[in-house]
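Sequences listed follow chains P and C, in order.
Numbering of the first sequence is given in my numbering, commencing with residue 244 and proceeding in unit increments.
Numbering of the second sequence is given in my numbering, commencing with residue 244 and proceeding in unit increments.
Incorrect hints may have been included.
Unchecked claim - Calculated cross-link-like contacts (lysine-lysine; reagent style DSS-like; alpha-carbon spacing at most 25 Å): (1) C:LYS637 x P:LYS302; (2) C:LYS362 x P:LYS333; (3) P:LYS605 x P:LYS576; (4) C:LYS407 x C:LYS506; (5) C:LYS352 x P:LYS297; (6) P:LYS352 x C:LYS333; (7) C:LYS297 x P:LYS333; (8) C:LYS362 x P:LYS356.
Since the hints were made in silico from the structure, they are not lab data.
Protein chains: 2
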Amino acid sequence: MLIVQKFGGTSVGTIERIRNVAERVSRAKRMGHDVVVVVSAMAGETNRLIDLAKSAVPKPDPREMDVLVSTGEQVSTALLSMTLISMGFKARSLQNHQVRLVTDSAYTKAHIKRIDAQKLTSVLKEGAIAIVAGFQGIDEQGDITTLGRGGSDTTAVAIAAALKPHARNGLVCEIYTDVDGVYTTDPNIVPQARKLKQISFEEMFELASSGAKVLQTRSVLFGMKFDIPIHVRSSFNDSEGTMVVNETLDMESVVVTGISYDKNEAKITVLHVSDKPGIAHSVFAPLAEAEIVVDMIIQSASSDGYTDMSFTVPRGDYEKAMAILQELVKQKKATYVVGDDKVSKVSLVGVGMRTHSGVAAKMFKYLSDAGINIQLISTSEIKISVVINEKDMKKAVAVLHKGFGLEDAK
Amino acid sequence: MLIVQKFGGTSVGTIERIRNVAERVSRAKRMGHDVVVVVSAMAGETNRLIDLAKSAVPKPDPREMDVLVSTGEQVSTALLSMTLISMGFKARSLQNHQVRLVTDSAYTKAHIKRIDAQKLTSVLKEGAIAIVAGFQGIDEQGDITTLGRGGSDTTAVAIAAALKPHARNGLVCEIYTDVDGVYTTDPNIVPQARKLKQISFEEMFELASSGAKVLQTRSVLFGMKFDIPIHVRSSFNDSEGTMVVNETLDMESVVVTGISYDKNEAKITVLHVSDKPGIAHSVFAPLAEAEIVVDMIIQSASSDGYTDMSFTVPRGDYEKAMAILQELVKQKKATYVVGDDKVSKVSLVGVGMRTHSGVAAKMFKYLSDAGINIQLISTSEIKISVVINEKDMKKAVAVLHKGFGLEDAK
Numbered sequence: 244m245l246i247v248q249k250f251g252g253t254s255v256g257t258i259e260r261i262r263n264v265a266e267r268v269s270r271a272k273r274m275g276h277d278v279v280v281v282v283s284a285m286a287g288e289t290n291r292l293i294d295l296a297k298s299a300v301p302k303p304d305p306r307e308m309d310v311l312v313s314t315g316e317q318v319s320t321a322l323l324s325m326t327l328i329s330m331g332f333k334a335r336s337l338q339n340h341q342v343r344l345v346t347d348s349a350y351t352k353a354h355i356k357r358i359d360a361q362k363l364t365s366v367l368k369e370g371a372i373a374i375v376a377g378f379q380g381i382d383e384q385g386d387i388t389t390l391g392r393g394g395s396d397t398t399a400v401a402i403a404a405a406l407k408p409h410a411r412n413g414l415v416c417e418i419y420t421d422v423d424g425v426y427t428t429d430p431n432i433v434p435q436a437r438k439l440k441q442i443s444f445e446e447m448f449e450l451a452s453s454g455a456k457v458l459q460t461r462s463v464l465f466g467m468k469f470d471i472p473i474h475v476r477s478s479f480n481d482s483e484g485t486m487v488v489n490e491t492l493d494m495e496s497v498v499v500t501g502i503s504y505d506k507n508e509a510k511i512t513v514l515h516v517s518d519k520p521g522i523a524h525s526v527f528a529p530l531a532e533a534e535i536v537v538d539m540i541i542q543s544a545s546s547d548g549y550t551d552m553s554f555t556v557p558r559g560d561y562e563k564a565m566a567i568l569q570e571l572v573k574q575k576k577a578t579y580v581v582g583d584d585k586v587s588k589v590s591l592v593g594v595g596m597r598t599h600s601g602v603a604a605k606m607f608k609y610l611s612d613a614g615i616n617i618q619l620i621s622t623s624e625i626k627i628s629v630v631i632n633e634k635d636m637k638k639a640v641a642v643l644h645k646g647f648g649l650e651d652a653k
Numbered sequence: 244m245l246i247v248q249k250f251g252g253t254s255v256g257t258i259e260r261i262r263n264v265a266e267r268v269s270r271a272k273r274m275g276h277d278v279v280v281v282v283s284a285m286a287g288e289t290n291r292l293i294d295l296a297k298s299a300v301p302k303p304d305p306r307e308m309d310v311l312v313s314t315g316e317q318v319s320t321a322l323l324s325m326t327l328i329s330m331g332f333k334a335r336s337l338q339n340h341q342v343r344l345v346t347d348s349a350y351t352k353a354h355i356k357r358i359d360a361q362k363l364t365s366v367l368k369e370g371a372i373a374i375v376a377g378f379q380g381i382d383e384q385g386d387i388t389t390l391g392r393g394g395s396d397t398t399a400v401a402i403a404a405a406l407k408p409h410a411r412n413g414l415v416c417e418i419y420t421d422v423d424g425v426y427t428t429d430p431n432i433v434p435q436a437r438k439l440k441q442i443s444f445e446e447m448f449e450l451a452s453s454g455a456k457v458l459q460t461r462s463v464l465f466g467m468k469f470d471i472p473i474h475v476r477s478s479f480n481d482s483e484g485t486m487v488v489n490e491t492l493d494m495e496s497v498v499v500t501g502i503s504y505d506k507n508e509a510k511i512t513v514l515h516v517s518d519k520p521g522i523a524h525s526v527f528a529p530l531a532e533a534e535i536v537v538d539m540i541i542q543s544a545s546s547d548g549y550t551d552m553s554f555t556v557p558r559g560d561y562e563k564a565m566a567i568l569q570e571l572v573k574q575k576k577a578t579y580v581v582g583d584d585k586v587s588k589v590s591l592v593g594v595g596m597r598t599h600s601g602v603a604a605k606m607f608k609y610l611s612d613a614g615i616n617i618q619l620i621s622t623s624e625i626k627i628s629v630v631i632n633e634k635d636m637k638k639a640v641a642v643l644h645k646g647f648g649l650e651d652a653k
């Protein structure tokens, strides 16, 4: 079997933990598997490098930023590889100019274009364990790029995809984190939260994009596209984690698979906007220009030729967004702008929603029974999200978790 | 003009100093020169990385060691380049997989095989400043290598050599250090020491290999081989330093150019060795096997079929060497072994020695007049070295400096 194992920054955060990772890698190798390991920078290292750059220049050049921060993963590959070698294994650290993980040139947030499997397969053929630097690539000019935060997950799944044609007897991508797997919701909030044995790519994607931190969304999309089973598990114990796989028929019998939340939200409402074609553009274009990501846009029904628009932005961008939108008021394109940076988003996710109706109605009832006021609602095929006051967030997650029976074994 | 500037670890040791380096680089660029900058790791960084490796495994794999420590220079290239970019210059950091500084695969002490000038010339043609990571290369397989301590000097001179055919209106390699240039001897020992305006490659090589730390010996050999003028100067002020150049006729009028010393020495004498062919091999082969570098070997005239052999080793290898040689005594190949790890080496260097006789005799007289006992002597064409008690070292350097008139302007 070909196993791609990915270890995040916490898992390689100290020399002691790197030894534990080496132990785990060695077990897979001893069992006769081909093993490729993808590692992140040691916890704290990326931030240290970013701080170093910011102390040098206020706005570091993105290309040079990538050259700088990519050293973090390089250090991890060398330390893990030398540890495995000292244990008697063949191992080789590989940077992306060797693996040839080729990306576009969008420094600090590059996209993978292709991976040259040849170098990796030749290392595996030697019987060596390949230790690859996560999070980074090279562009067509040979310049170093990085994939953005959380990019190591994406590296791991993309490498698994590239190696799929060369895998003997199956393939799995194991993502080791500081949690046991994917839970029905955050156990820190709901102690009854239950670890899921499996979850579909679609559900995982919706959970990840609505606040669950366990997997990076891009890696889930890669897994879905290339059908790479992803095993999310703990680097601190041996228990089975959660398999993220293509949807199977029996998954639909469960209506709600998980509940995620995002505390990092702020709500903005632009009031009394003249309801003419192009008005949405005049509201959102200046925000996009300022690189503010807008989520959950709701436009109320128009009356008297005017409408109200509400949406959420990341809390860190709230002040900036409000200032930009005040300009609209000055230009008389809106009457006024109100906002609230003390809101949270709670999302129900489940592929069963496609075939089961009434999930939204039930959700609203559970929240209303608990005295929780819903401020915004948005739905997708397999997700319902609501924005509520942040003080109600924990309670909302708890009542929904209980209401939809997530405590009971699947 | 094409200028290759090399800045060592102290010169880029802090963000503030990197800014100073950027200022200096920018001045050369503003004067219309093509500028390539070679940087070392920030002072302390290489040792931090080595300590990290040693805390992971007692004897780190050399290949992985190079992957690890090469991140130090990479960080420096990015920080310097982003600083120059923020000042409005075009700059590009380049790692060795981009420059294609190709070495053999002798990890941790690789030798340069060739440099592909194309990438560098294309960056220069763009009008950009090229910032190259010193000390490292890649081998034919694309694996990261390093050139050993002090390797950044060698990188700089080798890059200058590779770019020589592309240089418009001349070429110079500037090595910026924490001293003003090359002195007749260490000013910390002899306050009257005088900065040399110029010195020949041969003299510089002998001074560097006999203890003067200002330039790495391999870089001097490169400069000599490819006739690259090297300007050794301070990164902390603007004064002219010392030009290291090919020997000119007038250099021979000066008998002694400089005096170097090495405190890191130990002397060993193997007594009453049977004077048969192959005996030198049986003494030195086990030392070579233990990677102990032996210097200044002296064999006394044989009497009664037996001889004594003396030599020096680095002080750090003294205990190990003594233990190895005790084996010879056990095997009855020698009567006994004596040693002294409290010795120093003092060397006189000057191309004028070739044409002026009596330098050695004068040297011995000055030392004897000062009451200093000579323990070992070794000579080369342009150098005379003596081993003396370490307590006499400073005095020896001072009397020789005065005796050979090095205080007087050239």
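For each hint, the structure was consulted:
Distance restraint check for LYS637 of chain C and LYS302 of chain P: the Cα-Cα separation of roughly 51 Å exceeds the 25 Å cut-off, and the hinted pair is therefore not satisfied. Restraint check for LYS362 of chain C and LYS333 of chain P: the C-alpha separation of about 34 Å exceeds 25 Å, so the hint is violated. About 38 Å separates the Cα atoms of LYS605 of chain P and LYS576 of chain P, which puts this hinted pair outside 25 Å; it is violated. Distance restraint check for LYS407 of chain C and LYS506 of chain C: the Cα-Cα separation of roughly 38 Å exceeds the 25 Å cut-off, and the hinted pair is therefore not satisfied.
Restraint check for LYS352 of chain C and LYS297 of chain P: the C-alpha separation of about 34 Å exceeds 25 Å, so the hint is violated. A hinted pair counts as satisfied when its Cα atoms are at most 25 Å apart, and LYS352 of chain P with LYS333 of chain C qualifies at roughly 22 Å. As the CA atoms of LYS297 of chain C and LYS333 of chain P are separated by approximately 19 Å, the hinted pair is consistent with the 25 Å bound. Between the alpha carbons of LYS362 of chain C and LYS356 of chain P the distance comes to roughly 23 Å, so the proposed pair stays at or under 25 Å and holds.
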